[in-house]
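K.L.:
First to last, the sequence lines map onto chains A, B and C.
Everything in the first sequence is counted per the working numbering, starting at 1 for the first residue and increasing by one.
Everything in the second sequence is counted per the working numbering, starting at 357 for the first residue and increasing by one.
Everything in the third sequence is counted per the working numbering, starting at 673 for the first residue and increasing by one.
Simulated from the structure, these hints should not be mistaken for laboratory data.
Idealized CB from N, CA, C, for every residue including glycine.
Do not take every clue at face value.
Said to hold, decoys possible - Straight-line distance between alpha carbons at most 27 Å, and here's what the computed DSS-like set of lysine-lysine pairs gives:
| id | chain 1 | residue 1 | chain 2 | residue 2 |
| --- | --- | --- | --- | --- |
| 1 | A | K140 | B | K660 |
| 2 | C | K936 | A | K140 |
| 3 | C | K1059 | A | K219 |
| 4 | C | K786 | B | K603 |
Claimed, not checked - What follows is a set of in silico ranges between Cβ atoms, one per label pair, in the way DEER data are often shown:
| id | chain 1 | residue 1 | chain 2 | residue 2 | range |
| --- | --- | --- | --- | --- | --- |
| 5 | C | V891 | A | L138 | 56 to 66 Å |
| 6 | B | L494 | C | S785 | 28 to 38 Å |
| 7 | A | S13 | B | I484 | 58 to 68 Å |
| 8 | C | K856 | A | S13 | 52 to 62 Å |
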Amino acid sequence: MINFRLEERENKSLRRQIISPFLAVFVALIISSLFILLAGVSPIDSFKELFIGSFGSRNAIAETLSRATPMILTGLAASIAFKARFWNIGAEGQLYAGALAVTFFGTGLVELPSFIMIPFLFMVGALAGGLLLLPLVLLKNYYKVDEVVTTLLTNFIIVLLVSYLLEGPWKDPMSLGWPQGASVIDQGVLPQILSRTRLHLGFIFSIFFAILIWIIISKHLIGYQIKAVGFNPSAANHSGVPVLKTIFIVALLSGGMAGMAGVTETAGLKGYLTLDLSPGFGYAGIAVAMLAALHPLGVIASGIFLASIYVGADAMSRSMNVPTYLADVIVAITVLCVLVSLIINQYKFRFLEQNK
Amino acid sequence: MILEFFEIFFTAGFWAATIRIACPLIFATLGEVICERSGVLNLGIEGIMSLGAMVGWMSVYLGADLYSGIFIAALTGALFGLLHAIFTVYLGASQHVTGIGITMFASSVGFFSYKLILPSSTTPPKIIPFEKLEIPFLSEIPFLGEALFQHTPFTYLAFFSVIIIFWLLNSTPFGLSIKMAGENPMALEAQGIDVLLVRTVSVILGSSLMAIGGAYLTMSAFDAFYFGMINGRGWIAIALVIFAAWKPERALLGALLFAGLDAYQVRAQQLAGAFIPYQFFLMLPFFLSIVAMIIASKRTRYPKALLIPFRRGERH
Amino acid sequence: MNPLLKVQSISKSFGDLTANSEISFEVNKGEVLAILGENGAGKTTLMNILFGHYMPDNGQIYFKNNPIKFGNTRHTISLGVGMVHQHFTLADNLSVLENIIIGQKSLFSFSLSKKTALDKLNSLIEKFSLPIDPDAMVSDLSVSQKQRLEILKTLYKDCELLILDEPTAALTPQETEGLFKTIKNMVNQGLSVILISHKLNEVLSVSDRIIVLRNGKKVGEKKTANADYKSIASMIVGKEISYPKKIKSKINREVLRLEMVSYKSDHDLDVKINNLNLKLYGGEIIGIAGVAGNGQQSLAKLLTGHLKPTEGKIFINQNEVIDSSPKNFMNQKVAYIPEDRNKDGLVGDMSIWENIIMTETDSIKIFNQLGFINSKNSHDQALSICKTNDVRLQKIDQPARLLSGGNVQKLLIGKWLYRKPQIIIACQPTRGLDEGAIAAVHRMILDARKDGNGVVIIGEDLDELLSLSDKICVMYNGHLSKPLDTLKTDKLTIGMLMSGKGF
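Isolated chain A (complex conformation):
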């Protein structure tokens, strides 16, 4: 048996911290090549196809960025929550909550001029996502019910609720039998920002929120308290940090970000609510956040990168005999590689000689 011990590094070099995610991605791609080899094709050709599919043309780039939009937002949702050691795995459900709010308010109930209507929709979407998380926070705090499980279970409940609404009361009569919601009114639709592509204003919003969250986390009292509660809730409490209130804010911010991902998809990409609105953006957000080491600005880059994998894999599977699920495999391996790199950043391995 290999005998080793982890010893904490005394100085954590900044350079290592910046290089390590790239290294992790590189290793992840190498491991993923094994899966491509299983498919009997050349990994290099496949990655080339993947790259062309995601960045090879104006349209491909636009597609990647528009796919990145909700992933940046769910990535922010995960990174805020994880910073406070609040394990919100429910971004998927919160995303749909945001989408439900958009469908409720944005399809005719409220009519405002565009420059108010769009922020309004983001607001109600964020609120819906945040409010969905609040009861779970209460359960955690007062009944010690583990939030990992409750947020996961809530995802299933919300998706079923959406299914009910789309097949029942909210079904768009114009949709010819497809279960989908009514279209968002014109004032609420997020305008295209690159002509003849699907890239919409939501992308700008996601960048804006990443910067905003970064400012809050690094410069503001709230972010400071979130960090304190995350690292050591007991010590934070003893120093007068309002722990419960902080967790509430975390829930609102985190759920809010995920809710807004629902807004960008409903009011931006599709124009209406469908049951396949999110192909797992909520779960992908966890990967995005981990790859960014929970840094809000890093989330932008990692969101775009992981989105490019998904978009590129679609294109690649069309031209080569590799199932699209390769994208999920790559993303999962990336998460695991990033975990290892985080450990290596924090600890040194010391191998111990075994005395005979």
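Dock chains B and C against the given chain A, drawing on the hints supplied.
P.N.:
Relative to the frame of chain A, chains B and C by itself:
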């Protein structure tokens, strides 16, 4: 009308269905109990079940016999358990993130290989699953026979595994070590036992049970593999572990109770489907899991070292 | 006669820190060897090497002429060495017997053989007169029973050399007497004992030979019969440490009063509190003595707003406290030095300056009106607090967990004193600190008293409580005794109260 809702309980089919639905949950919950008792939360459960379902089914589809199918599924689960253990036990990585990562990895590998082997099948192909093994004499008892003794061997295996795990945890040196590793790993080390080894073996063992639970779905309950067929059963098992207060005998009880409600729900849906949309029935298991956790939370005692990595030779 | 244990020039360093340097000594059969030294002198490291937790950089150890394989606890145990750690290594969820038999049989064997184990345990219980119920759950045992179980665990493994690490830390004086009887009994039956302690009085009464460690080196060795308190004490400390003197201080107005305060809760781990009455005046120190786990933690939490009394009233400066929250108590000028300074005191992963400003969220200088952090002011304030209180650090940006225990405590007390509190609640303020740091902490507390603040010290070290406090109350099973004047009481009286007699 109300009478009809009652009559469900008096059909042997309801009880047989309860037992059938309980089986994957029994395997999965037992698996998670072992992991958590040793101090490791295994959120890889959902993905490992999914992969187990695929691998077990695929082995049989490609020519293996049913029992080898179970074995291969267990082996695959063990492999992913080992991966989980390397991360959480040896490297001390976050059990939450590792578990989610393992779930993503295991399920995507499952989907990927399924599509790789069967690229263009629109309707999922089928295998001949386990057949009913009618236990002589017992199965002829009216009502009880049909409810309890006309199941597949896989089903009997689920109940047998409860006994095995109960015995393991309570009457063997390894079982005691598992319990100590999850309560006070320092104490275990002071007795000269390798904590990391105990935890690793526990996670491997638990993960293979999870994979077997998944395989039950494709090899006994159904005869094909569908994407998303686990549908949250892994997460429900995690809630059941809390409800079961980390005890195998109570895990059985929890799984049966839960399955009973689920079986009832399906039948009630047929009666009430006209005025209650089916989605609300489908939500029920998830709601119940949350409720079960709330009920259990007040009195349960977590394994004290759950989620806390153990590092050898750390200065205290 | 060959010695039972022979330790030859053991050295061990952790990074820059030399924990053990060239230490050699011997232990004979049937002897109690005491190893004395301050915290941080290297006692525990030495024992961890001997017992197989750490690998030494240099040196050899022989037990009954067999070389010990380092880093292999199992081997050490099999040779016949047993160790009772200061923090018990027991699993609360298992029974006494189960805690003992783990590790006795191969991990993957099929049976526990409880019956044979029980017989062996019962014969040991009788032989060494260490009564305990083999089927009791460990969670139901008292501290001294747990210690008894720890000793039985080692005896069960046929240990011939027993290492006891600070065994009296959590015992009442009476329980300590009981332990010493057990030790003598064991030695009479041919066992050897290594006793690690920093309590000189106890060591003098029970040991045969003493060795003293300081800064990782062995600085002296004496037969106990030839040793006297003073010479050993100066050997331990090495240099003269100037201890602060308690001078008479002026008692002024009442700052804190508890009236019939009770706390009951069915789900919390906190011990119940029954009808407490307490008055604290400015310029006064009240010590709360008692065996750990008798409600001291609940009391500390009640006094600082971390728990809300279920009955009774708390008055601060004669005003009843309505809002029981940590924040409100902070605003009412209550400072809280928690018992577990690493867990409750500091956020180890945040920098020193961030830790210091954590209590300053109401300061406009640190957080502006919009809630943004003023980095420069924060750094300045943190630096000045560290300087005033002699907190030794490399950089104000370094993570707080890199500070040593003494510096952590100075920083904690310093940052609370900066807020000019009127009431200080300190739990075990010097536990685990070296003498220099203890003196510094005592000085800070006595200065606070001189400035007219009221101080409550909750502690287990009776000597410390007697030297610092003006009055002492004893806590037992959630009840609080009447205050005793420290000048008119003694350890025996307090010890009686600690074991529940006189309530």
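K.L.:
Run every hint past the structure and note whether it holds.
P.N.:
Hint-by-hint comparison with the structure:
| no. | hint | in the structure |
| --- | --- | --- |
| 1 | A:K140 - B:K660 | holds (17 Å) |
| 2 | C:K936 - A:K140 | holds (22 Å) |
| 3 | C:K1059 - A:K219 | holds (26 Å) |
| 4 | C:K786 - B:K603 | holds (21 Å) |
| 5 | C:V891 - A:L138: 56 to 66 Å | holds (59 Å) |
| 6 | B:L494 - C:S785: 28 to 38 Å | holds (36 Å) |
| 7 | A:S13 - B:I484: 58 to 68 Å | holds (60 Å) |
| 8 | C:K856 - A:S13: 52 to 62 Å | holds (56 Å) |
When each numbered hint is compared with the structure, no violation occurs for any of them.
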